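Number 401 in this note's numbering belongs to position 149 of the first sequence; there are no gaps in the numbering.
Some clues are possibly wrong.
Unchecked claim - Cut-off 25 Å, straight-line C-alpha distance, at most; resulting in silico cross-link-like pairs (DSS-like, lysine-lysine):
1) Lys666 - Lys769
2) Lys553 - Lys564
3) Lys455 - Lys383
4) Lys666 - Lys694
Said to hold, decoys possible - Label pairs and their calculated CB-CB ranges:
5) Asp470 - Gln365: 48 to 56 Å
6) Ile492 - Thr421: 38 to 46 Å
7) Ala321 - Ala737: 54 to 62 Å
8) Leu601 - Ala361: 36 to 44 Å
It should be emphasised that the hints constitute simulated quantities derived from the structure, not laboratory data. All values reported here derive from a predicted model rather than from experimental measurement. Glycine included, each C-beta is placed from N, C-alpha and C at the ideal position.
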Amino acid sequence: MPSRPSLKERLEARLTAALEAAGAPPGTPAIVAPATRAGFGDYQANGAMGAAKRLKRNPRELAEAALAAADLDDLVSHAEIAGPGFINLTLSDACLTAELEAFAASVIAPQPQDEAAAPVVVDYSSPNLAKEMHVGHLRSTIIGDAMARVLEHTGHQVLRQNHVGDWGTQFGMLLTFMDELANNDADLQHELADIETFYRHAKERFDADAAFAQRARDTVVRLQAGDADCLARWQQFIDISMRHCEAVYSRLGVGLERSHVHAESAYNDDLAAVVSDLDAAGLLVESEGARCVFLDEFKGKDDKPLPLIIQKRDGGYLYATTDLAAVRYRCGQLGAGRILYFVDNRQSLHFRQVFAVARAAGFVPAEVELEHMPFGTMLGEDGRPFRTRAGGVIRLTDLLDEAEERAFALVSEKNPDLDEADRREIARVVGIGAVKYADLSKHRNSDYVFAWDSMLSFDGNTAPYLQYAYSRVQSLFRRADVDPAVFEAPISLQEDAERALAMQLLRLPETLATVAKDGVPHLLCSHLFDIAVAFMAFYEQCPVLNAADAATRDSRLALAQRSSAALRTGLGLLGIATVERM
RNA sequence: GGGCGUGUAGCUCAGUUGGAUAGAGCAUUCGGCUACGAACCGAAAGGUCGGGGGUUCGAAUCCUCCCACGCCCGCCA
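Take the sequences, apply the hints, and build the full model.
Structure below.
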C-alpha cells in the first residue's frame, strides 16, 4: 500500500494536470509551495509563469485557464491569480479538519512498508575502533541515525550498517603495546579502560622506539595473515573498544547494535576476489608497482589520469578495496536498492571514484542508487579543524557529561520541587537532546564551529524548546484529566492561531518526504520548531481548559493532542526523547 | 595546477526544481505572569546576500570572471 500523498503532492498533481489541460506540455510542473506570505493563502503554484514563457503565452491567462480546468473542490475553498501569474490557494476548513481527523494514521503512525521495494542501506557512524569516539563522530552518528528513522517511518525497509574501522595499520601498534603490558594484567585492564590514552601511549612508544615500531609492523602482517595469537589479542581489543562505542550509542539513544556492525575486517576474505574480478573486467592497470583502476572521467594534474589504488606495491589492500567489497556485499547479499553513505565531505572524490569503479566492474546494478551524503568538518572556535588547546579532541562522553550537568543545574533552578531522581532524568533527556539537535539542525554539508555555549544552548531554536512545548501540552492533558492516547473530539478551526497551527501540523508529511529523499534532517528540525512556535501562539491566544463552551474546549484539546503527537513523533525521528514534566 | 565545497543581520545559521516586501535563533532595546507552565509570548532595531559582468517579466538561487577560506588530488583510513 503506497503511503498517502501529502497535501502538497495532491495539489501538485491536480495543478499539473490542469496546466496540461490548459495547453502546457505534459508534465509541466505546477511548482506548488507553501505561500510566502500570510495574505496569499496556504499554498501557491508558481509553474504557470515558467510554462507561459516557454509557450510564449500570457502568464496570467495561462494561470486563469489552468485554474478553470483544475479539480480542486475537495481541497480548496478559495483560489485566485495574483501578480504576474501566481496561483494562490486557500485550503477549505473541511479539508483541514478531514486531514486532522486522519492525522494519527497518516502522519503519526509509521507508513506501511512496501514489501516489494528493495531496502535502503544506511552506512553511518563507522568509528575507528583504534580510538575513542570524539565530537567529530557526532555528525555521522546523529544524522545517519535520524535518517534511518525517517526512512523507516516513511515506509522504507532500512538496513543499518556500521562500517567500523578495525583493520588498519595502527592496530599493529596497539597490539604490540598490549603485548608489552600483558605481563601485568592489571595494567592492561586499567589502560584499556581509556582507549584514547591507550592509543596515545602506544603512539609514544611507536615514535620513540624503532624496535617497537618494527615489531608493530610485523604484527600487522601476522594479524592479516591470520595468526591465532594476534587474532585473539585483536579480538580482545576490539571487544573493549566496541563496548565503549556502545556505551556512547546508548547514552545518545542511537539505534545501532552489534548486529549492525559489519566491520572492515569482515571484508578481508573478499579483497583478493575484488582485485581479481576487477582484473577480469579489464579494469586493472599496474602503475609504479601498485594496481590501480583508471577511469576517463577522473583526471588529475595536467590531465593525467587519476588512479584509484586497489592494491599497494607491497600487496596490501586499501580502503578503496574494502569499500568496493562493501558495496558489492550490500547489493549482492543485502539486496540494497539504495545505499546512503553518511561520511564526511573530505571523502567526496574517493566515493565518486569508488562508485564509478563499482559500476564499471558490474558490482552494482544500474538501478541501485549510491549516494554519498557528505557532511562538513567540525571546527574549533578558531575556525580551524577541531582541536582543543592541548592538541587533543573532545571526547563525546565529556561533551555529554557537560550537557547533562548544565541541564541539571537549569532544571534544578526552574523546578526545585522535583525529586533529584526526576531532575536527573529530565537533565539527561534535555542535555542529550540539546547536543543532538544542535548538530541536526544545521545543514549537514557546511562545516560548523564547535562552541560549548551554542552546542549546549537551551533557548530559542533548540531541542529543549521543543521538549518544553511538548511538556506544556502534557500539562494541559493532566489538568483536563484526559488521556491523549485515546482522546477524540471534532475539531473546528475558529481562530487564526488554530488554523495556523493546523496548517503547520498538516505540512509534516511534505517535510518528511523531502528529508527522506535528500537526507536533510535539519528541515525536520526547522519544521518542528515552526510547529512549536505555532503551538505556543495558539496556547497564548486560545484558552483551552477555560474555553467558552465544551465543544470549543474539546476541539482545542484535540488540536493539542495532534500537536503533542507531532512533537513527540518528530523528535523521536530525530532520536530525541521527550519528558512529561521539565 | 586541477577538482569539490563554503561565503547571507554584530554572532550562529535557514532560504525547497529562479518568484511577490531575503527569514529564524542568540545578543541589544521596549512591553507582557489575579486564564490552562515566563525554559514562554509580543514588538522594535539590525542586510551592498563576498565582488564585477551576464541571462529575463523576475536572481541569494542559473552562466561567466575574479576575491577569501577549507578540503581532496598513487600506495593512511
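(request) Please write out, lowest number first, the hints stated earlier that are contradicted by the structure. (result) 1, 4, 6 and 7
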